[in-house]
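Here is what each chain is made of, one letter per residue.
There are 2 protein chains.
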Amino acid sequence: MDLSKEYLQQTVYELNKILDDSPKILRPVMEDLKKAKGKYIRAKVVIETALALNKDLVISNQEVLKKIINVAVAVELTHLATLVHDDIIDDAPLRRGVESTQSKYGKKVAVIAGDYLFTKCFSVISNNNLTNLENFSKAVSAICAGEAYQLANNKNFDLTYANYKSIIAGKTSALFALSMYGVGVELEEREVICERLGRAGYYMGLVFQMIDDYLDYSGSNEKAKKHVIKDLKEGVITYPLIYTFQKNPELKKVLKENFSLENITFAINEVKRFKGAEITKNQAKKYYDIAIKKINNSVGEENSKELVLIMDKIYNRES
Amino acid sequence: MDLSKEYLQQTVYELNKILDDSPKILRPVMEDLKKAKGKYIRAKVVIETALALNKDLVISNQEVLKKIINVAVAVELTHLATLVHDDIIDDAPLRRGVESTQSKYGKKVAVIAGDYLFTKCFSVISNNNLTNLENFSKAVSAICAGEAYQLANNKNFDLTYANYKSIIAGKTSALFALSMYGVGVELEEREVICERLGRAGYYMGLVFQMIDDYLDYSGSNEKAKKHVIKDLKEGVITYPLIYTFQKNPELKKVLKENFSLENITFAINEVKRFKGAEITKNQAKKYYDIAIKKINNSVGEENSKELVLIMDKIYNRES
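These protein sequences, in sequence, are chains A and B. Per our numbering, the very first residue in the first sequence carries number 1; after that it's consecutive. Per our numbering, the very first residue in the second sequence carries number 1; after that it's consecutive.
These are calculated hints, taken from the structure and not from any lab test. Misleading hints may appear alongside valid ones.
No distinction is drawn between identical chains; accordingly, a pair holds when it is met within one copy or between any pair of copies.
[To be verified] List of simulated lysine-lysine pairs, BS3-like, C-alpha gap at most 27 Å: (1) Lys17 / Lys233; (2) Lys305 / Lys285; (3) Lys155 / Lys230; (4) Lys66 / Lys138; (5) Lys252 / Lys24; (6) Lys233 / Lys104.
Modelling step: build the complete structure from the supplied sequences, incorporating the hints.
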C-alpha cells in the first residue's frame with residue numbers, strides 16, 4: 001500500500017476512535033458522521049503536504065508522523081464540528097441528501113455534538129507544537145467570523161465580490177490554509193515557507209468554495225436545485241448570483257420582493273442566461289493557478305505532484 | 001485597593017477586550033453578556049486560589065500573574081460559551097429574567113457566538129502551560145458529556161441520586177475543579193497539591209449546582225417557580241424532585257401522565273410537603289464540609305480564608 005493511503009487510514013482510524021469515545025447520547029450523531037464518509041480532503045492535504053515537504057523525516061520519525069496524523073485528525077474534527085453546527089445555523093433538514101443532525105436528533109444534540117467535536121480538536125492538537133494550537137484557535141475564530149459575516153449579509157443584495165471573498169476566506173479557506181501551514185510548523189520549516197504553505201491553502205480553499213457555489217447553479221439535477229432554493233430562502237448570496245445582479249439589476253428587485261418559488265426559478269434561469277456559474281468557475285480557475293504557483297513555491301515543483309492532483313480534483317469535481 | 005479586587009478588575013478588562021473584539025454581528029450578544037455582569041465567581045476562585053497558594057510569587061512575578069489572569073479569563077469565557085449554548089439546548093426564552101441570546105438574536109447567532117467564545121478560551125490559554133490547555137480541553141469535554149447525560153436523562157423519572165451527581169459533576173463541577181487545579185499547574189505546584197485543589201473545586205461545584213437546584217424549589221418568588229416549570233416541561237429532574245419521588249412514588253405516575261400546569265403545581269407542592277429543597281441544601285452542606293476540608297488541605301488553613309468566604313457565599317446565597 002502506498003504511504004498516502006496508509007497515513008489516511010491511520011487518520012481515519014484515530015478519528016473514528018474519538019467519535020466512538022463520545023458520550024452515549026451523541027453516539028448516533030457520530031455514527032452518522034462516520035457513515036457519511038466524507039472525502040477527507042483536508043486530511044489528504046495535510047498528508048500530501050507533509051510528504052511533499054519532507055518525506056524522509058515523516059517516514060523515519062514515528063513521533064513526527066504521529067504529529068502529522070494529529071493535524072489531519074484535528075482538521076477533520078473541526079470540519080465535522082462546523083458541519084454539525086452549520087445544520088443548526090442553516091436550519092438544514094438535509095445534508096447531502098441525508099437527514100441532518102439537527103433535524104434527526106434535535107438542536108440540543110446538535111449543539112452539544114458540535115461543541116464536543118471542537119473540543120476534541122483542541123485536545124488532539126494539544127499533543128503537538130504549541131504554535132499549532134494557537135493556529136487552530138485562530139482558524140476556528142476565522143471560521144466563526146466567516147459564518148458570522150455570512151449571516152450578517154443574509155439577504156444583502158448589494159453584497160460585493162470582495163464581501164463574498166471575505167466570507168469564504170473565513171468559512172472555508174481558513175481551515176485549508178491551516179491544513180498546509182500547520183504541517184510546516186510541525187516539520188519545523190522556516191516561517192517564510194510556512195507562510196507560503198498557508199497562502200497556497202488559502203487559495204485552495206477559495207477554489208473549493210467557489211466550485212461548491214458553481215455546482216449549486218450549474219447542476220441540472222434536482223439536488224443542486226433544492227440546495228439553491230434553500231440557500232436563497234435563507235438569503236445566502238454567492239458569486240453566480242452576484243455576477244448576475246451586475247448583468248441584470250432588475251433581478252435584485254424581483255428577489256427583494258419575495259422569495260416565492262416563481263421568483264427563485266426566475267433567478268436560477270437568469271443565472272443560466274448570463275452564465276453566472278461558468279463565470280464563477282472561470283474566476284475559480286484564476287485562484288487555481290495562484291494556488292498551483294504557491295504550492296510549487298513552497299514544496300518545490302519536483303514534490304508537488306500529489307498536491308496538484310488534489311487541486312485538480314477540487315477544481316474538476318462534479319459534486 | 002486590595003489585590004483580589006485589582007486582579008478581578010484586570011480579568012474583567014481582558015475578558016471585555018475579547019468580547020469587544022468579536023465579529024460585528026456577534027457584538028450585541030457580547031454587549032448583553034457584559035451588561036448581565038455575572039458574579040465572576042469562577043474568576044474569583046482562580047484569583048483567590050492563586051493568592052492562597054503563593055501570594056509572593058503572584059505579586060512579584062508579572063509573567064506568573066499574567067498566566068493566572070489568563071486562567072481566570074478562560075474559565076469565564078468557557079462559562080459564557082456554555083450559557084449561550086445552553087439557551088439553545090434549553091430553548092430558553094429567558095435567562096435570569098432577561099431575554100436569552102437565542103430568543104433575541106436567533107439560534108444561528110447563538111451557535112456562532114458560543115463557538116467563538118469557546119475558541120477564544122483556548123486561544124487565551126494557549127499562552128500558558130501546555131498541561132492547562134489539555135486540562136481545559138478535558139474540562140470542556142466533561143461539560144459536554146454532562147450536558148449530553150442530562151439530555152439523555154430528560155424525563156427519566158427513575159433518575160437516581162448517583163445519576164444526578166454524574167450530571168452535575170460534568171456540567172458544573174468540571175469547570176470549578178479546573179479553576180483550582182489549573183492554578184496549581186500554573187504555579188508549578190506538585191501534582192499531589194494540584195489533585196487536591198481539583199477535588200476541592202469539584203466539591204465546590206457540586207455545592208454550587210445543588211444550591212441552584214435548591215433555590216429553584218425553595219423560592220416563593222415567581223421567577224423561581226417559572227424556572228421550575230420550564231425545567232419540568234423540558235423533563236429536567238433535579239435532587240429536590242428525586243428525593244420527593246422516593247417519599248411519594250405516586251408523584252412519578254402523575255408527572256409521567258403529563259406536564260400540565262396542574263400536575264406541575266402538584267409536584268411543586270409535594271416537594272414542599274416533603275421538604276425536598278431543604279434536604280437538598282442539607283446534602284449540599286455535606287459537600288460544603290468536604291470542600292472546606294480539601295481547601296484547607298491544599299492551600300493550608302492559614303491561607304484559606306478568602307476561599308472559605310467564597311464557599312460561604314455559594315452555600316448561603318439566596319439567588
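Here is how each hint holds up against the structure:
1. Lys17 / Lys233: Classified as neither: same-chain Cα gap 38 Å, cross-chain 36 Å, threshold 27 Å.
2. Lys305 / Lys285: within (18 Å within a copy, 67 Å between copies)
3. Lys155 / Lys230: within (13 Å within a copy, 35 Å between copies)
4. Lys66 / Lys138: Both: 22 Å inside a copy, 20 Å across copies.
5. Lys252 / Lys24: between (48 Å within a copy, 25 Å between copies)
6. Lys233 / Lys104: both (21 Å within a copy, 21 Å between copies)
Hint 1 alone, counting from the list given before, is not met by this structure.
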